[in-house]
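Respectively, the protein sequence lines represent chains W and B. When we follow the numbering used here, the leftmost residue of the first sequence carries the number 1, and every step to the right adds one. When we follow the numbering used here, the leftmost residue of the second sequence carries the number 1, and every step to the right adds one.
Calculated from the structure, these hints are not laboratory results. Among these hints, one or two may not hold up.
[Said to hold, decoys possible] If you want the footprint, here are the derived chain W segments under chain B, 3+ residues with CB under 8 Å:
{"#": "1", "stretch": "99 to 113"}
{"#": "2", "stretch": "418 to 430"}
{"#": "3", "stretch": "576 to 583"}
{"#": "4", "stretch": "631 to 641"}
{"#": "5", "stretch": "681 to 687"}
For every residue, glycine included, the Cβ atom is placed at its ideal position computed from N, Cα and C.
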Amino acid sequence: MTIVYEARTGRHGVPLIDGVDKVTGRALYTADLDRAGALVGVILRSPVAHAEIIRVDTSKARALDGVAAVLTGADCRVAYGVLPIAMNEYPLARDRVRYRGEPVAAVAAIDETTAQRALELIEIEYRELPAYFESTDARAPDAVLLHDNKPGNVEREVHHDFGDLDAGFAAADLVREHRVCCAEINHAQIEPHACLAEFDPSSGRLTVQDVSQVVYYLHLMLARCLEMDEAQIRVIKPFVGGGFGARVEVLNFEIVTAMLARAAGGKVFMQLTREETFLTHRSRPQTDVVLKLGMRKDGRFTACACEVTQRGGAYAGYGVVTILYAGALLQGIYDIPAIKYDGYRVYANLPPCGAMRGHGGVNTRFAFETLVDKMARELGLDPFAVRRANLLRAPTQTMNGLMVQSYGLAECLDAVERASGWKERFGRMPAGKALGMACSHYVSGSAKPIHFTGEPHAVIHLKLDHDGGVTALTGAADIGQGSSTMVAIAVAETLGVGLDRIRVVSSDTAITPKDNGAYSSRITFMVGNAAIAAAQNLKMLLVEAAAKKLESAPEEIVCDGGVFRVGQGGQAALSFKEVVSAALIDEGAISVKGSFTCPVEFQGGKHRGGAVGSTMGFSYAAQVVETSVDDATGQVSVDKVWVALDCGRAINPLAVAGQIEGSVWMGMGQALCEETRYLDGLAAHASFLDYRMPTIVESPAIEAFIVESKDPNGPFGAKEASEGALAGFPPALVSAIGHAIGVDLLELPATPDRLLEAIGKRRQKAAAAARKQRAAS
Amino acid sequence: MSVELADVVVAQPATIEEAVALAADAGARYVAGGTDLIVNMRRGVTTAARLVDISGIAALKTIVVEANGAVIGGGVEIARLVGHDGIARLFPVIAQAAVTIAAPAHRNVATVGGNLCLDTRCIYYNQSEWWRRSNGWCLKNRGDTCHVAPRGERCHAAFSGDLAPALLALDAEVEIAGSAGRRRMPLRDLYVEDGKAHLTLAPGELLVCVRVTRKMDAFAYEKIRQRGAIDYPLAGVAVGLTMRERRIADLRIGLTGLASYPFLAAGLENLVGREVDDDLLKEIDRAVQRQAQPMRTTLAAAHYRRLAAAAVARRLVARLAA
Chain W
1 MTIVYEARTG RHGVPLIDGV DKVTGRALYT ADLDRAGALV GVILRSPVAH
51 AEIIRVDTSK ARALDGVAAV LTGADCRVAY GVLPIAMNEY PLARDRVRYR
101 GEPVAAVAAI DETTAQRALE LIEIEYRELP AYFESTDARA PDAVLLHDNK
151 PGNVEREVHH DFGDLDAGFA AADLVREHRV CCAEINHAQI EPHACLAEFD
201 PSSGRLTVQD VSQVVYYLHL MLARCLEMDE AQIRVIKPFV GGGFGARVEV
251 LNFEIVTAML ARAAGGKVFM QLTREETFLT HRSRPQTDVV LKLGMRKDGR
301 FTACACEVTQ RGGAYAGYGV VTILYAGALL QGIYDIPAIK YDGYRVYANL
351 PPCGAMRGHG GVNTRFAFET LVDKMARELG LDPFAVRRAN LLRAPTQTMN
401 GLMVQSYGLA ECLDAVERAS GWKERFGRMP AGKALGMACS HYVSGSAKPI
451 HFTGEPHAVI HLKLDHDGGV TALTGAADIG QGSSTMVAIA VAETLGVGLD
501 RIRVVSSDTA ITPKDNGAYS SRITFMVGNA AIAAAQNLKM LLVEAAAKKL
551 ESAPEEIVCD GGVFRVGQGG QAALSFKEVV SAALIDEGAI SVKGSFTCPV
601 EFQGGKHRGG AVGSTMGFSY AAQVVETSVD DATGQVSVDK VWVALDCGRA
651 INPLAVAGQI EGSVWMGMGQ ALCEETRYLD GLAAHASFLD YRMPTIVESP
701 AIEAFIVESK DPNGPFGAKE ASEGALAGFP PALVSAIGHA IGVDLLELPA
751 TPDRLLEAIG KRRQKAAAAA RKQRAAS
Chain B
1 MSVELADVVV AQPATIEEAV ALAADAGARY VAGGTDLIVN MRRGVTTAAR
51 LVDISGIAAL KTIVVEANGA VIGGGVEIAR LVGHDGIARL FPVIAQAAVT
101 IAAPAHRNVA TVGGNLCLDT RCIYYNQSEW WRRSNGWCLK NRGDTCHVAP
151 RGERCHAAFS GDLAPALLAL DAEVEIAGSA GRRRMPLRDL YVEDGKAHLT
201 LAPGELLVCV RVTRKMDAFA YEKIRQRGAI DYPLAGVAVG LTMRERRIAD
251 LRIGLTGLAS YPFLAAGLEN LVGREVDDDL LKEIDRAVQR QAQPMRTTLA
301 AAHYRRLAAA AVARRLVARL AA
């Protein structure tokens, strides 16, 4: 694997500050925590896809020796959900179940065997209702409603119209439309879901340690569903083994574990199986996209019409946001004069979908980029030339009110075009081999928070004491993406001290300031800016103390490499420790804070749903994928990837390169082999044998390039780096397959069976055309 | 949704005779690597009151290579086949098939006997207890309906071992130990086409070894799967070919993953004397498509498995003949 960043940035970066703990096994994940004396919590799940709950009898389970608590929907009075406008889920189903695997009851017992036996003793009688596993069936006129307040089983319809669409299509030299279908996928994070909850009956306090990416939302939802005062609750995030959006909303098992702990008056540990982790789901929905594009002979886009249908599963979750993102992210990457978007988020009797890396934008990007490729072919244009004909010019504001302050897509295109040898190789490769390319982008944090409180988007506390160590307290959830390391670097660089002076304590609601969590790639931008602000505040105190000690004025003090002097090259110098001692006189331990708020002009358009997609800055990516296709068996191999990402500035190039590779790899999983499959609503994919993530055998060399466009508002100019490169992979691969064997696949993933079917159809079509020609002559 | 194993007694015999005696009780199962059995026990599709662990029996773990043949112990780990010099020299196709099995960590403990006696697999069977109960069980386990072919009489779970097709093409013989002593039979007689009971072994019988003799000139194995590691075969094709004066003298095609048992394609003797040209390759393609009739036991389409098996058979014959 070649990582080309050092030459471009002149910096290598640092390993993650918790990296050694992880690779040596010292890091404690939720399932590693001390659970001495903890009861085992287990969940009973619905065997049916859609039914009314007629009768529940838990008396036999309660009577079993060793059972400490049994809960059902009757114990869950309050609905929850990540969006305040769409809370329609109960931790345990009440009255009705809506998917196979939905939690209906829970038990806490002295051990696993007893808990499982108790589950067997719970009697539930269902009256089955018609169940719908496809969007079209759920939307049929006579379909039974999953939620009575949502006619047509549509959770949210979106209709956005920007620019003059008719004029745009009229101005085009070529108008083409295609329909693509992207299978539902799952995050498949390696750590299964787990939660350790302890309720202290004497104080009435609850402590929950959990795999969450959104500690604050979990805190809120626990208070809501358990009807407790927030002040009585503490949530701690230990090390987390991957999120990717799986834990970006509060999940049923988290609330259930806490409820069991309270009911049992003690400590309850729950670890879901891999199957249950899959059933908890909340991932990228099956998506149908109908995309129509107008293009001029020179490759300029004239208009775009896009209809998206997402099969969202049984509950709302993030659904409204996902369907809005799918339309909003048509913008902010290219200059398109007119865009019409129609989105439908549909309920179905399947596990609820949610947010996944590249939230909302990935499947529309697939539809868009593959259609651009086909139209370029038809017009005899180079795919790179078409992208270059449609670049934005920063700073600019899109039609839907998104601000673009920095834009490095042109440089990204140059980098991968050069590195892949595109000009020399494209269209000149041996049979069955080809290159394909695509672009993508993503937000650096949602500029409008989900729960609007008027508080800043991010707050960081810094503590400095006699030891000269700086402790950064942040609520930002490090879930492996390296956010704690980013905080440490931001503080150290601002203070001008080494990283060894900084400690980061993260995600403990009793200690760290509230943070909205690890989602929409918000942490580097928002928390990074807050960290810099906090460090500047601390530095000001230190400079004042140094000035006093050196009998000078603060504005005369120069701080460099942890040494404070009067003027550049001044003789009198104070070490960092000396300045700290001076600053602590009369004051004692110092606490400062810094915060960051996205200005209102960045918070999106005024139209309904306009906040979704709004951000302080977009990352941009271009990538080239080289593939080989075996047209006898339909097997596809990815031979090489060249990818460039504009992340504004790489605060830690080593971590950025890792995130670029990770997002490319995850995009490859969706493109190549990952998909969920249901048999009458039963998840048949719910293991790592049948949910096929790529193995190391399928993983190509990835050559990653970092482009630094220096965003004017980003921390040190930085933007996000973890999601932007994902969405480009599926279209780049599918376009490459098209160039390799002349088959335009309209589905994801590009599995051998789908490909062989497409090849077969093409052969039949060619044979029919030949017959027709023979008949005519 | 338990993942805990029920209590089980594990016996660790040192000899084949001890093992056979220990396995005589109802409810006893042999275990070696356990890469298939333990997963199935955790899922509740296989139960055992006693596990007879044969991984410590030295007599099962030898590979003896002779001038023109080999005897491979049932307890030989798959990884040893991959790296064995004698096997690589005489029967590279065995190593070729072995290296496609699962992943390196599995191959270190999984055995030849385990792979030949692998339980059949199906998307309706290899699921959790909760899943199968929610689906009304199935013919192979506790139920009376095969969800793959609900109107049929039998279970259609597919055999998925990778060694069998190569060994069938090699005309291998297996030696079996049981309470009545030892017996030998052709490998093909180990199997019958019934997903619920695909092995002809009597209760308590143990596969001791496999004997192969080199009778043909060239062999090859290719496995169709979605990923290059871990996955079971969607189809596996082994071809053995001997050419004399550019004409077919002997041709065998062993198939796996396509039915409840591994089998040799029938009727290939009619191709003896033919040149390997486009027409012949088309006939092979058609013959495999006709004989390979996979059912919907995997998430990948059955039709695909049939087409891919035929394409691979055709390709391997062409390659070996060239």
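Confirm or reject the coverage of the stretch 631 to 641 of chain W by chain B under the rule of 3 or more residues with a beta carbon closer than 8 Å to the chain's beta carbons.
-> holds (count 4)
Verify the coverage statement for the stretch 576 to 583 of chain W against chain B, using a C-beta to C-beta distance below 8 Å and requiring 3 or more qualifying residues.
-> violated (count 0)
Given coverage of the stretch 681 to 687 of chain W by chain B, tested with a Cβ cutoff of 8 Å and a minimum of 3 residues = holds (count 5)
Per-stretch coverage check for the stretch 99 to 113 of chain W, three Cβ contacts closer than 8 Å to chain B | Coverage by chain B holds for the stretch 99 to 113 of chain W (3 residues, Cβ < 8 Å).
Given coverage of the stretch 418 to 430 of chain W by chain B, checked by CB-CB distance under 8 Å (3 or more) = violated (count 0)
Consistency with the previously given hints fails for numbers 2 and 3, ordered from lowest to highest.
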